[in-house]
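With these hints in hand, go ahead and build the complete structure from the sequences.
Now for the letters of each chain:
Protein chains: 2
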Amino acid sequence: MSTAEKFRSISPAEFFYRNKEIAGFANPARALYQSVRELVENALDATDSHGILPEISISIDRDPNKTYVYRITVKDNGIGVPENYVPDAFGRVLFSSKYVLRQTRGLFGLGAKMVILYGQITVGEPAEIVSATINSKKIYKYKIMIDIKENKPIVLEKSWWPNKTSWHGTIVKVAIEGDWGKARQKVLEYVKRTAIVTPYANIVFRTPDGEIKIYQRVVDKLPPPPRETKPHPHGIDLEMLKAMISETKTQTLLDFLSEEFQGVGRVLAERFITKNNFDPNANPKTLSKDDLEKLVRALKEFNEFRKPRSDHLSPIGSDLIKIGLSSILKPEFVDAITRKPIVYEGHSMIVEVGIAYGGAIEPVEEPLLLRFANKIPLLYDEKSDVAWKVVSENIDWGYYDIVFPAPIAILVHVCGTKIPYKGVGKESIAEVPILENEIEEGVRHVARSLKLYLARKQKEEEAARKAITLIKYIPEIASALVVFAKSNPEPVNVETLESKLFELVKNRFRDSLKNISSPRDVVLSVE
Amino acid sequence: MSTAEKFRSISPAEFFYRNKEIAGFANPARALYQSVRELVENALDATDSHGILPEISISIDRDPNKTYVYRITVKDNGIGVPENYVPDAFGRVLFSSKYVLRQTRGLFGLGAKMVILYGQITVGEPAEIVSATINSKKIYKYKIMIDIKENKPIVLEKSWWPNKTSWHGTIVKVAIEGDWGKARQKVLEYVKRTAIVTPYANIVFRTPDGEIKIYQRVVDKLPPPPRETKPHPHGIDLEMLKAMISETKTQTLLDFLSEEFQGVGRVLAERFITKNNFDPNANPKTLSKDDLEKLVRALKEFNEFRKPRSDHLSPIGSDLIKIGLSSILKPEFVDAITRKPIVYEGHSMIVEVGIAYGGAIEPVEEPLLLRFANKIPLLYDEKSDVAWKVVSENIDWGYYDIVFPAPIAILVHVCGTKIPYKGVGKESIAEVPILENEIEEGVRHVARSLKLYLARKQKEEEAARKAITLIKYIPEIASALVVFAKSNPEPVNVETLESKLFELVKNRFRDSLKNISSPRDVVLSVE
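Protein sequences appear in the order of chains C and V. Per our numbering, the very first residue in the first sequence carries number 8; after that it's consecutive. Per our numbering, the very first residue in the second sequence carries number 8; after that it's consecutive.
What the hints contain is simulated information worked out from the structure, not anything from laboratory work. All values derive from a computational prediction rather than experimental measurement. Backbone N, C-alpha and C define an ideal beta-carbon position, used for all residues, glycine too. Treat the hints with care, as some may be off.
[To be verified] Cβ pair distances, simulated, as ranges:
#1 V:Lys189 to C:Leu459: 39 to 45 Å
#2 C:Val410 to V:Leu375: 32 to 38 Å
#3 V:Glu157 to C:Asp154: 18 to 24 Å
Written as structure tokens, this is what we have:
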């Protein structure tokens, strides 16, 4: 019996180093995909989230001597990282600017560090960071590695030069072990789908094969950037409440509730306090453990608070979705909807759904699903995503006159300050009922729109066919008119003319017109 | 344009607090399931992994006043946690005894802390830990909470009393917000499946409804406990190599390679060093960055090392699987196989597959799949698990004469020092090709065994039918014998007797016996 257990603590860097699979770094192919993804998402967060039209360039170079080594370089024109934060932002796991209530692509404070960490354990070269903030007089360059045991940055080199062109942005260059052959299709698809939801971005991608993919900006309009927000009482827990109380400058419970939360305000705070028998003048910092517990429960259960706001969120917008789908997929029909905000655990969330049909889209056996969360394309684990469930199980496509194989693509975008991802690899979204329902409503909306389009198209085609049929009769009608004109030199009224003409035509086409009893029938059926 | 980003660092406790969903604590129902699971798995790791026959009791009590509050108590007779480690082991995220190369149920150093953390943010009561190590003169009791911002334990109370009965083990009691109505089915299934793979354990489970489930030990034999092992060169990376070199007491590369790795030894180390032109006498601590990189690559690519050992692993064993399946599912047929070890990224892994058929098993449309990893039942995310792929896609059950609905259950157990889980919630295993193949081979093996059983069963049934048919002839044969005996008073040999008898019988049953030319035919076809 062995009972001597060795206890020890590991740093977050060591935790994710040991469990890199769960952050999406399972093997060289997947790691190459994930690395491009994390760096591109940081680049976009540094640009469009701050009102800057993104200029992103991505390049992947294969090392001529060590063919398993790839150097990834991602450059943006974003806000840059302040000089003093560069080492931690790239060399300390769980250090980030994204630990606030704001819609961002990044969430975990892991992405870039995981890329650097993976490069470090597979190739061993330091990462190179070049950055300048807006109006910075200098451009800084760092070479950084991560001390995994201690979870802290190792700065191997730091230099700077004058910023003569007033450039701002960030360039990250990392060497990792990769497998382009296996990653190629996913990486190309990732960049393409990113371009679909950021039609306002210029994206240039140079592959290790020397291929250059250019996604040119097709619109200059940026969606309004996301903004930070206060917590909503329905999203609170005991720990969060304690943290808020320890930081607040308010002196009374009434002030605390009306100022530190969204959806509350003075009137609702008073009503809440009265209903639950709290003391409005109590200093929140003196509340007992029992009071706090009672307060959390009451905050969660009081249903008169205003809904969480959503004006701090940054959906893509139905116009940009339509532009994105049109410019990349080149379909014959496109539609999109931005749904009203919903609430999930005190966080607001917005679902957007787009549809594209026909044109250059290849017919497929199941709808091509383009999934996005906070403007990030999700490519792996499709079958375990809530959107896949909606599209493949909940919707009866026959009802919308879609018979597979059909040339159809569905885009689903979920944005919010909290996304119920199934893992830190950010690949699929959990089956939260309210979200599933919302996506389903969205898909039904655009599917109805497609159904109407298809019906109208069919009607137009039928009308055209009928018109062509009628046109064939023109010579006959013309000759009939001639006969009629000859036999009736004097003026007649319209009804007489019509019925005379009809008799003449009918005599001539007895068989094909036997079901028509008046010329009005034909006219109406063509409309 | 807002460019003032707020950078900050968060502790691992805060990270998992913010992202509790990814550790399996997504909502009160799921959290109740996950809490039971984490505590039971710790209890088992503290017993069977150390050669102790487990005595586990689990109880869940609903608070009579606050119906959303559940108190979970799990008690084991394991090795206990040493007094000085209790606070960190239960109050510091990423502090664990499981950060070694050994097959354990726990892997991440997260489980119990996540339960306590979730209880703390939903109910706010401290967790209560009672523990005594083997031969401890005292039993200690702690009340602990977690300082989430700092990731450190807060000890609210510590006491002890004399250990008069020489008890050893651990009792953990935590109050969390739960939802028994929604969690019930999964929790019951979890405990039942745990009992299937630990037929050597006594498990008593009292539910909030007062129901008591008892799983009585059916065998006294424990599988050999897992043991710690050294790293294999194929599982190494640059970072691990540096850490090993900084800790080694060896002075030369030759000693380092032959002593610190498994699968190497002196002869192979020499051959490896010669082939790759290293200096056998170089002090590993003086190797340059380039040397280290070259060494890692060479270690990974050298294919003459012995395979990773597997004698440190602790599979369940085919006998115990059969006993477990029989005692819980009560089938008419059961079989199991423990496959040979395979290697995944330098870690050995063993796959075991069991099958149960008929008896008390209900017919189902798809095989009932019982998934286990390092003896943990996996219940969620079945469809994204590699074993599900094998059972539902790779295997054509018709080939094994199984037509659904059929009363069939398949058990798949994967054990190893590293399990390629898809997330820290430990719910599904990734589709690693070598593992998929191994599971498929295992399922095919037991499916063949079932096919043989079913064929044999059918044959026996047919034989029985034939025997019954023959028995029907007995009166006829008897009367024929009488006729024969009367006409032949003198002795005859056997052949003569048989052919005479045969003629007599054949004359009487001309039609039904027309294909039989000798009595031997009938005898043989019945065997």
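Okay, the hints, checked on the actual structure:
For V:Lys189 and C:Leu459, the Cβ-Cβ distance of about 40 Å falls inside the hinted range of 39 to 45 Å, so the restraint holds. Evaluation of the 32 to 38 Å hint for C:Val410 and V:Leu375 yields a pass: the beta carbon distance comes to about 35 Å. For V:Glu157 and C:Asp154, the Cβ-Cβ distance of about 20 Å falls inside the hinted range of 18 to 24 Å, so the restraint holds.
Consistency note: the structure conflicts with none of the earlier hints.
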